[in-house]
Structure formats: structure tokens, C-alpha cells
Amino acid sequence: ILNVEQSPQSLHVQEGDSTNFTCSFPSSNFYALHWYRWETAKSPEALFVMTLNGDEKKKGRISATLNTKEGYSYLYIKGSQPEDSATYLCAWGTYKYIFGTGTRLKVLA
Amino acid sequence: GAGVSQTPSNKVTEKGKYVELRCDPISGHTALYWYRQSLGQGPEFLIYFQGTGAADDSGLPNDRFFAVRPEGSVSTLKIQRTERGDSAVYLCASSDFQGATQYFGPGTRLTVL
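These protein sequence lines are chains A and B, in that order. If you use my numbering, the first sequence corresponds to residues 1 to 109, in order. If you use my numbering, the second sequence corresponds to residues 1001 to 1113, in order.
Careful, some of the hints might be misleading.
Which bits of chain B does chain A cover? Going by a derived footprint, with three or more residues having C-beta under 8 Å, they are [claimed, not checked]:
{"hint": "1", "region": "1039-1047"}
{"hint": "2", "region": "1064-1076"}
{"hint": "3", "region": "1082-1088"}
Dumping the calculated DMTMM-like pairs for lysine to aspartate or glutamate here, alpha-carbon to alpha-carbon at most 20 Å [what the hints assert, rightly or not]:
{"hint": "4", "chain 1": "A", "residue 1": "96", "chain 2": "B", "residue 2": "1056"}
{"hint": "5", "chain 1": "A", "residue 1": "96", "chain 2": "B", "residue 2": "1096"}
{"hint": "6", "chain 1": "A", "residue 1": "96", "chain 2": "B", "residue 2": "1044"}
{"hint": "7", "chain 1": "A", "residue 1": "42", "chain 2": "B", "residue 2": "1056"}
{"hint": "8", "chain 1": "A", "residue 1": "69", "chain 2": "A", "residue 2": "83"}
{"hint": "9", "chain 1": "A", "residue 1": "78", "chain 2": "A", "residue 2": "55"}
Derived by calculation from the structure, the hints in this document are not laboratory data. All figures in this text were calculated on a predicted structure; none of them were measured in a lab. Where is the CB? At the ideal position from N, CA and C, for every residue including glycine.
Next up, chain B with everything else stripped away, as it sits in the complex (with noise of 0.2 Å):
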């Protein structure tokens, strides 16, 4: 079947500019959550959804930084004001409840320039 899709798979933008990029989880997966992994780093956890609420959203790194999942499968992180520092591979997974193995997508790679 059809796993995690990311889109787009690249993203340039300017420094202050608004993105969005979108994840679609696999169907029938309740559970979806974002990672982001800068250079040199592992992933990082931002946010899990469980259904439409976000139940952990405690790696969001600030205010700049949004996510919605409003009918509980494709999701949009939102990114306002972006800064050089935003850069890196957003990731995003689903899996059929908590706890169980997540499933990647291929990941979005953000560049602000």
C-alpha cells in the first residue's frame, strides 16, 4: 500500500517569507507526527497528532511554528516569518495508534536563504 507522502520534497525560500509543507499519512493511521533533523543532528520531535487534536505539540521550537490535521489524516505544518535557521529536513510519520512503529516519509528539505 501507499506509505507517507511529503510534499514538496524541496522548499527554497527567502529569510521572512511563510511556508507550508504537507504530509499525507498512511490511510487509517490515527497517529501522525512531525521531526525535524538539522545538519549533523538525529531527528527532532516537534509535534504528534492524535486524530485532529495535537495531543504533544512540547517540540515546537516557538510561536513561528504551527500545525493543523483538521479531518485527522493529511497534515500541514506552517512556518511564519522563517529564519536561516529553519533550514533543515522536515520529516513526518504516522502510525496506527500510539506507541506503535512509526512510518516516514521521505522528508521535505527546507532552505532559507
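Pulled out of the complex, with its shape left as it was, chain A reads as follows (with noise of 0.2 Å):
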């Protein structure tokens, strides 16, 4: 069974903190991964596609770094703001993704 693993599975920051958290999946016939931001009652949004061994992608504060090799994402956030919090989900795969529970983050303000 494949499975993709999120940790930790909820975190709270203070404003202004820097944080980060961690997908973990097959590292066999690895295809991509993506990452999504979900806020509640809003569509999830895609971060990033992540496809090569090594690849680091930034969008303004959230950065993401991915090791197909070991299997593993980690997703960074510095200096969190009040309008980070959401959910954060990583999805494996080709069309057919395997997403993980997702971590919750909540920054307090």
C-alpha cells in the first residue's frame, strides 16, 4: 500500500516565527510531488510541483525542497503571518494522487 506521511500533524507559531514541516513517500517510481495550501471554505491552492531530485522552489516566504532519493519534502515558511495559517498538504504521484492528512498550521497573531 502506498502511503504519504505528513508530520507534525498540527502546529501553532507565533508572528514572525519560521517554521517548516515534512512529507514523507514511496521513493520508488517517483513521478512528483506536490505541495497545497488549504484554507477553510477556499479552494486548495497550489504551491508547488516538485519533480527532480535536488529541486528547491520559493513563492515569497514558502520555500519547499525535495530528496526522491530518500523520499522525504520539506516545506518551509519564514517570518509566519496571521494569513499563513491553513492546512498544507502533499500529494504523490501522476494523475492519481496520494495525499497526506495534511499539517494544520495556526499562527497567532
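Make one complex out of these two single chains by using the hints.
Given below as C-alpha cells:
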């Protein structure tokens, strides 16, 4: 059974703190790893698609890295803001995404 | 441009009833996907359409679930004889081809009483 795991399950940080969380996925037959941000009552928003080992992507204060050989990706948020509060999901696969259960981030003002 | 839209946003029904959930993909996207997120879980794949045809329906849990996309655009997920265990958020996504990044709608929250 192919499994994608995310940790931690939830996280509370103070405004201005930097934080990071992990997505672990099967290292065999790797195709792509996607990160999404999902705010309550909104659509999940695509953040990054990562395909190559060693990939590093950045979007504003958010960045992600990828290690396909060991099967993990990290998502970093620098200087967290209250508007970063959301659930962050990673998804592995081609068209049939296998999602992790998400990391729920709450940034306290 | 307009994103993926889903209607209704919330649906409450009684056990045993029939429901239809609608998805309007991004214009021009040929690939459409349905996922279901149960409480405490990540979204789980249900079905993938390429154009009008269901290219992979391996995630549909049983024969009470059926989906159509008759004109290759709007899709409807149909659930017969709903059960309490069907309560979940049903997400729809589209992409411009298979394997491209999927863009999600806001979901339909289905509650079966």
C-alpha cells in the first residue's frame, strides 16, 4: 500500500516565527510531489510541483525542497504571518494523487 | 480567469436518499478528477475523466457511486442510497492534461443524517 505521511499533524507558532514541516512518500517510481495550501471554506491552492531530486522552489516567504532518493520533502515558511494559517497538504503521484493527512498551521498574532 | 466551481457547497440529506454533486472545471481543461476527504484523512482519489470518458474509476468505493461528464466539461458525481459513511467533503479538480498540476474547487460538504 502506497502511503504519504505528513508531520506534524498540527502546529501553533507565533507571528514572525519560521517553521517547517515534512512530507514522506514512496521513493520508488517517483513522478511528482505537489504542495497545496488549503484555507477553510476555500479551494486548495497549488503552491509547488516538484519533480527532480534536489529541487528547491520558492514563492515569497514559502519554499520547498525535495529528496526523491530518501522520499521526503520539506516545506518552509519564513517569518510566519496570521494569513499563513491553513492546512498544508502534500500529494504524490501522476494523475491519481495520494495525499497526506496535512499539517494544520495556526499562526498567532 | 474563473477557477473550478462546485455546487452545492453544502448538502444535507437523509440516509437512503440520492444526491448529485456538480463540478464546473476550468475552461479548456480536458482532465477532471474527483476526490473525497473524510474527517481526519487526506483527500482520496475517486475517479479521473479524460474528455468524456472515465479513464480510471478505481477509487469509487462501490456501485452506489457513479460519475458522468457527457460533454467533456461539467461533471456530476451521483451517489445512490446514501449511507452515513458517505459524509465527507467531495473535491473536484481539473488540469489541462493528464499529469499536469490539478486545480481544485472549494468542495461540497455532504452530510448524511
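Verification of the supplied hints:
| no. | hint | result |
| --- | --- | --- |
| 1 | 1039-1047 | holds (count 6) |
| 2 | 1064-1076 | violated (count 0) |
| 3 | 1082-1088 | violated (count 0) |
| 4 | 96/A x 1056/B | holds (9 Å) |
| 5 | 96/A x 1096/B | holds (15 Å) |
| 6 | 96/A x 1044/B | holds (9 Å) |
| 7 | 42/A x 1056/B | violated (27 Å) |
| 8 | 69/A x 83/A | violated (33 Å) |
| 9 | 78/A x 55/A | holds (18 Å) |
The earlier numbered hints that this structure contradicts are 2, 3, 7, 8.
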